[in-house]
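**Student:** Sequence:
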Amino acid sequence: MTTIDAADGHQLDAYEVHPDGARASVVMVQEIFGVNPHIRSVVDRYAGFGYRTIAPALFDRIERNVELDYDEPGKQRGIEIAMQIAFAPAMLDVGAAVAHVAATGPVAVVGYCFGGSLAWLSAAELPIAAAVGYYGGQVHGMIDRVPAAPTMLHFGEL
1472 MTTIDAADGH QLDAYEVHPD GARASVVMVQ EIFGVNPHIR SVVDRYAGFG
1522 YRTIAPALFD RIERNVELDY DEPGKQRGIE IAMQIAFAPA MLDVGAAVAH
1572 VAATGPVAVV GYCFGGSLAW LSAAELPIAA AVGYYGGQVH GMIDRVPAAP
1622 TMLHFGEL
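This note's numbering puts the first residue of the sequence shown at 1472, with every later residue one more than the last.
No wet-lab data here; the hints were simulated from the structure.
Cβ coordinates follow ideal geometry from the N, Cα and C atoms, glycine included.
Mixed in with the good hints there might be a few duds.
[Stated by the list, open to error] Computed Cβ-Cβ distance ranges for the label pairs, DEER-style:
no., residue 1, residue 2, range
1, Q1609, E1543, 14 to 24 angstroms
2, P1621, D1542, 28 to 38 angstroms
3, Q1547, A1574, 33 to 43 angstroms
4, I1556, R1616, 13 to 23 angstroms
[What the hints assert, rightly or not] With a cut-off of at most 25 angstroms between alpha-carbon atoms, the simulated SDA-like pairs for lysine to any residue come out as follows:
no., residue 1, residue 2
5, K1546, G1608
6, K1546, R1532
7, K1546, I1556
8, K1546, M1472
9, K1546, N1536
10, K1546, H1625
11, K1546, Y1605
12, K1546, H1611
13, K1546, H1509
14, K1546, R1511
15, K1546, E1534
16, K1546, S1512
17, K1546, I1533
18, K1546, G1521
19, K1546, L1624
20, K1546, G1612
21, K1546, G1627
22, K1546, V1610
23, K1546, N1507
24, K1546, A1559
25, K1546, D1615
26, K1546, E1596
27, K1546, F1558
Construct the complete structure from the given sequences, taking the supplied hints into account.
**Tutor:** Quick look at the structure:
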């Protein structure tokens, strides 16, 4: 794990893979299940394509080392933690991850669920090259934001 510093002084962990020769980076923003084995495997997959990839542990603001299962208790605990984190502090953490990898080259933000909403905010608020959000359930409440980077959002019909 890597430790990064947010602008407000908060220190958080992040899972990072920096392959040799990487010339661009991806900030992978977690679901409500934390930086768990699945998110780490997604980081590993992107790094396998040659991207420096980092997943900041956004739940560190409430509880460290959160790795929840994809079951009902995990879902409920993840919602409980996520509800305690406002978007502004979470964006400080995403911004810290962007700053941490920026020297490598262009940075994209990819997020899932909770992270999908943060990917949308990242496109409007952070100096990134692109953003991709998957099923960001809070995007509808922030639809007035104007992305400054190319942005793609995915939502399932069902």
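**Student:** Please flag the earlier hints that this structure goes against, numbers listed from lowest up.
**Tutor:** Violated hints: 18, 25 and 26; rest satisfied.
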